[in-house]
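Given the coordinates of chain A, assemble chain B onto it according to the supplied hints.
Number of protein chains: 2
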Amino acid sequence: MAKTVARRRFARDRVLDAAQALFTERGVGGTSLQMIADRLGVNTSAVYYQFRSKADIVVTVFRPVFEDITRVVRIAAAIPSQEVRREATISGMIELAVRHRRTTALLHADPAVAELVEAVGEFREAFHSLQAILAGPEPDPASRTAVAVLVPGIFGAAADPAVCDIPDEELHRLLLDCSRRLIAA
Amino acid sequence: MAKTVARRRFARDRVLDAAQALFTERGVGGTSLQMIADRLGVNTSAVYYQFRSKADIVVTVFRPVFEDITRVVRIAAAIPSQEVRREATISGMIELAVRHRRTTALLHADPAVAELVEAVGEFREAFHSLQAILAGPEPDPASRTAVAVLVPGIFGAAADPAVCDIPDEELHRLLLDCSRRLIAA
Numbered sequence: 002m003a004k005t006v007a008r009r010r011f012a013r014d015r016v017l018d019a020a021q022a023l024f025t026e027r028g029v030g031g032t033s034l035q036m037i038a039d040r041l042g043v044n045t046s047a048v049y050y051q052f053r054s055k056a057d058i059v060v061t062v063f064r065p066v067f068e069d070i071t072r073v074v075r076i077a078a079a080i081p082s083q084e085v086r087r088e089a090t091i092s093g094m095i096e097l098a099v100r101h102r103r104t105t106a107l108l109h110a111d112p113a114v115a116e117l118v119e120a121v122g123e124f125r126e127a128f129h130s131l132q133a134i135l136a137g138p139e140p141d142p143a144s145r146t147a148v149a150v151l152v153p154g155i156f157g158a159a160a161d162p163a164v165c166d167i168p169d170e171e172l173h174r175l176l177l178d179c180s181r182r183l184i185a186a
Numbered sequence: 002m003a004k005t006v007a008r009r010r011f012a013r014d015r016v017l018d019a020a021q022a023l024f025t026e027r028g029v030g031g032t033s034l035q036m037i038a039d040r041l042g043v044n045t046s047a048v049y050y051q052f053r054s055k056a057d058i059v060v061t062v063f064r065p066v067f068e069d070i071t072r073v074v075r076i077a078a079a080i081p082s083q084e085v086r087r088e089a090t091i092s093g094m095i096e097l098a099v100r101h102r103r104t105t106a107l108l109h110a111d112p113a114v115a116e117l118v119e120a121v122g123e124f125r126e127a128f129h130s131l132q133a134i135l136a137g138p139e140p141d142p143a144s145r146t147a148v149a150v151l152v153p154g155i156f157g158a159a160a161d162p163a164v165c166d167i168p169d170e171e172l173h174r175l176l177l178d179c180s181r182r183l184i185a186a
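Residue numbers (the numbering used here), protein chains in the order written: chain A, 2 to 186; chain B, 2 to 186.
Isolated chain A (complex conformation):
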């Protein structure tokens, strides 16, 4: 019985790995369930045995990222000082962007993912809370612009092949420096 569960998890993980590779290559919108099955050398029925739909696969791939965003927001929301709250949020966002480098590349990088974020209630809330904390209450155009640069900048940079040789810890520190300069206004 334990063996069956392990086998089933292995099969699920293989589908998720293949899906993620295809999302990176072709975008979420450009990937079909048939392509995922082809990549694994199986029939689509084998994929449907693990997941209800392509949307189910997409949500499963992105869930860990949004769970981490939710955690960052929850930790930050409990901090009374607005400045400290924002700093903690930025550092948390960078940490997860770097740790999930492969997945977060898609986060700011695909209209199909943006649509998914809006469609799934918990994802939408996590992302909007993140942006609200970063912008602060009643942000002026300069603050809104800085946040609009910061979020795709961090997620885009973490996924950029030009920095893939920089170790996670150093990249986290460098991105934090960038964020501080950007938000310092």
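Please note: incorrect hints may appear among the correct ones.
It does not matter which identical chain is meant; a pair holds if it fits inside one copy or across any two.
Stated by the list, open to error - Taking lysine to any residue and the SDA-like style, the derived pairs with C-alpha atoms no more than 25 Å apart in a straight line are:
| no. | residue 1 | residue 2 |
| --- | --- | --- |
| 1 | Lys-55 | Arg-40 |
| 2 | Lys-55 | Leu-34 |
| 3 | Lys-55 | Val-66 |
Hints are computed from structural coordinates only; laboratory data are not their basis.
Being a predicted model, the structure only gives us computed values, none of them experimental.
For chain B alone, kept in the frame of chain A given last:
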């Protein structure tokens, strides 16, 4: 005769408008030639009369952006001072990101577009020249990280609905301020 040319241009522009709207909604990878035809209420043959392939449409949509990037790079390359050259490049990049807000949103936002940039020689050269000028010769990890934040940050921000109420000129100025802080290191 002149009328026929005008009509043909009108038909081409309609295809390009429909394609761009679908690219924004579903990503380039998630848009088929059939969907473009459906959006226009015509047969695919009517679309094929104007364009050889979906790739032909994609290249046509992005050509103006890359022509502008090439122009920015050419102007900057003639400036002897490295610092002035970078400043001119950043301001030029922001100007075109803001002017082409709708199109540039896709530029850093779709694996299918990244693939296109690599596939089309002139596009690839324009983009790599832009990144090389921004990073400077033999950039250290901090400079590489700042440039990796800057490019998706600028293109992402220009396309962000959160700043769509800010007029072009003001947004250009605010993004230039962000870039100066980011690159100042």
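Item to check | Hints violated by the structure (listed by number, smallest first) | outcome: The structure conflicts with no hint, since it agrees with every one listed earlier.
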